[in-house]
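Q: Sequence:
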Amino acid sequence: SNDPTVVTTTELDPSIEVTKTATITDNGDGITGLEDVINYTITVENTGNTILEALGLVDTLSDISGNSLTLTTGPVFAGSDQGSTDGTLAVGETATYIATYVIDAQALEAGGVSNTVTATGSSPTGTEVSDVSDDGDDTDGNTSNDPTVVTTTELDPSIEVTKTATITDNGDGITGLEDVINYTI
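Heads up: the sequence shown is residues 1220 to 1404, going by the working numbering.
Mixed in with the good hints, there may be bad ones.
What the hints assert, rightly or not - Label-pair ranges, simulated between beta-carbon atoms:
| id | residue 1 | residue 2 | range |
| --- | --- | --- | --- |
| 1 | Thr1346 | Thr1372 | 42 to 50 Å |
| 2 | Gly1298 | Glu1230 | 27 to 35 Å |
| 3 | Ala1309 | Gly1247 | 38 to 46 Å |
| 4 | Asp1248 | Thr1315 | 25 to 33 Å |
| 5 | Gly1345 | Gly1249 | 30 to 38 Å |
| 6 | Gly1247 | Asp1357 | 31 to 39 Å |
Bear in mind the hints are in silico, worked out from the structure with no lab data behind them. Even glycine gets a Cβ: it sits at the ideal position worked out from N, Cα and C.
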């Protein structure tokens, strides 16, 4: 009762949140399609009350049919809002990573690209936390752990063939035996 020292203990509560958004660099044809570049921005926020270390990302890229694709570049650390280096997040800090994918024929024919990233980190006591990315679009009704989807537009391929015929008459005035049919395709 005479001890002036008050000890308050706090419990470590590590937590992490990852968001992945996409923008398109068009190749000049005005549609999201072949050879366009998908630019991904990945933000990882330390939402807990302790530093996170050993931060890691596992990126999963596929066409919208579920077939595996490979990022063209990244993810690459682009910086953080509090100055920590890659792999460490202070309480409340957000790190940014970037990646790209150049749309190929497989993604185009499937109708698009689906991408998620899983971020993991560890507290100083070794508690591991992880989160699967959200697409940053909460107007779609899904506010967490939803893939970042980019749909593609395939040009409407078409072909037209015309075949015409002319007759070279053998001199008898009627179309018949030994006349020549000349085709133009």
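Q: Taking the numbered hints from earlier one at a time, note which ones the structure violates and give those numbers from smallest to largest.
A: Violated hint: only 5; rest satisfied.
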